[in-house]
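There are 6 protein chains.
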Amino acid sequence: MKISARNVFEGEVKNIEIGAIMSNVKIEVTSPEVITAIITKESVEKLGLKEGDKVSAIIKSTEVMVAKD
Amino acid sequence: MKISARNVFEGEVKNIEIGAIMSNVKIEVTSPEVITAIITKESVEKLGLKEGDKVSAIIKSTEVMVAKD
Amino acid sequence: MKISARNVFEGEVKNIEIGAIMSNVKIEVTSPEVITAIITKESVEKLGLKEGDKVSAIIKSTEVMVAKD
Amino acid sequence: MKISARNVFEGEVKNIEIGAIMSNVKIEVTSPEVITAIITKESVEKLGLKEGDKVSAIIKSTEVMVAKD
Amino acid sequence: MKISARNVFEGEVKNIEIGAIMSNVKIEVTSPEVITAIITKESVEKLGLKEGDKVSAIIKSTEVMVAKD
Amino acid sequence: MKISARNVFEGEVKNIEIGAIMSNVKIEVTSPEVITAIITKESVEKLGLKEGDKVSAIIKSTEVMVAKD
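Residue numbers (our numbering), protein chains in the order written: chain A, 1 to 69; chain B, 70 to 138; chain C, 139 to 207; chain D, 208 to 276; chain E, 277 to 345; chain F, 346 to 414.
FYI, nobody ran anything at the bench for these hints, they're computed from the structure.
Predicted, not measured: the structure shown is a model, and the values here were computed from it.
Please note that a few of the clues may not be correct.
[As the list claims (entries may be wrong)] Below, in silico cross-link-like pairs of lysine-lysine (DSS-like), each with a Cα-Cα straight-line distance of 27 Å or less:
1) B:K137 / A:K41
2) F:K386 / F:K371
3) C:K192 / A:K68
[To be verified] Here are some, though not all, of the chain D residues that point toward chain E, as calculated from beta-carbon distances under 10 Å:
4) E224
5) G226
6) I228
7) S230
8) I246
9) T247
10) E249
11) S250
12) V251
13) K253
14) G255
15) G259
16) S263
17) I265
18) K267
19) A274
C-beta atoms are modelled at their ideal positions from N, C-alpha and C, and glycine is treated no differently.
Use the sequences and the hints to build the structure in full.
This is the structure we're talking about:
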């Protein structure tokens, strides 16, 4: 199965904390990766983003899914 | 500034493609990382997730933000 | 009220499970629907997506809202 | 591959519109489905949600992914 | 219609920029508001969040919907 | 640090409710703001959106992050 999501990182589950409805899963990624970010043109301009810039990619943990073979 | 988002990955901008409204930014992450995923307890059970499992963390690129000092 | 969200599916609540902060709500959709997905051009190309393709639409449950008259 | 996302709907691509960065994909779902929504306990209370309620499930199209075998 | 989304801000459209697939809409909110944020317990602890703290609420623009009567 | 997210609202924490995994944080925004919404061109057309329209900006609380200096 191929998925449209551009960011698929291989890793290993390190910890799982379970609540009544939600769970917090820690996954150790096994190799560095390229992350794809879709942001507004306006943001690229406001940040003056250009190739070579040192940046952080930021992702809210509620946006991360987990897949297992 | 400290942000509540659990996933903050240091990297370098490798490519930027700009459209009328949106942009596609490629960021090379410079070191392996731990990813935090908040998923339902139901998903943990349906997938039989446990520590040590080989998994993929999947993130839609529209959910990724970029920050620059 | 008209909402910009392109996916509005009529249904009936089948089950509600309540935790301290979050709830898990099951809604049985009463008729088949057309789903709108906004994905990158890059994904359309990588998947070779074209009309007539059999696909799955995938949605994380934290992204679903519920409205009631 | 099993994915943590609770909502996976089988369908057929009916139309694809492609822009510089993003694409709009229409998928006809082939059978009625149960949708899982994770909302706050506060919302369940404010809406007075209970089993049997007629509701709408609302999903922004930027939150929908597409997978193909 | 009542919606489960906790953040509904009244405002006026100030500008619309239209691309091939997406649009950038600027809405001037007409009164200060209370924002509800669902974040992890882990984040509350890591940030040492408590009542009275001066903070910023941060929202990616792809997560904002627009409704009109 | 500058972030690509277009919506950054200054405020004060009014209440925090903590569960096993998630927390519900109420933030009082201290001044009216302009909100940026990225929606489909299709939605702008279906809603007949134009400058001067009275609208609501709607945001699911799971999409809100919190930052603190």
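Hints, one by one, checked against the model:
no.: 1; hint: B:K137 / A:K41; result: holds (15 Å)
no.: 2; hint: F:K386 / F:K371; result: violated (32 Å)
no.: 3; hint: C:K192 / A:K68; result: holds (22 Å)
no.: 4; hint: E224; result: holds (6 Å)
no.: 5; hint: G226; result: holds (3 Å)
no.: 6; hint: I228; result: holds (8 Å)
no.: 7; hint: S230; result: holds (6 Å)
no.: 8; hint: I246; result: holds (4 Å)
no.: 9; hint: T247; result: holds (6 Å)
no.: 10; hint: E249; result: holds (7 Å)
no.: 11; hint: S250; result: holds (4 Å)
no.: 12; hint: V251; result: holds (8 Å)
no.: 13; hint: K253; result: holds (7 Å)
no.: 14; hint: G255; result: holds (9 Å)
no.: 15; hint: G259; result: violated (17 Å)
no.: 16; hint: S263; result: holds (8 Å)
no.: 17; hint: I265; result: holds (7 Å)
no.: 18; hint: K267; result: holds (6 Å)
no.: 19; hint: A274; result: violated (20 Å)
Against the hints set out earlier in the document, violations occur for numbers 2, 15 and 19.
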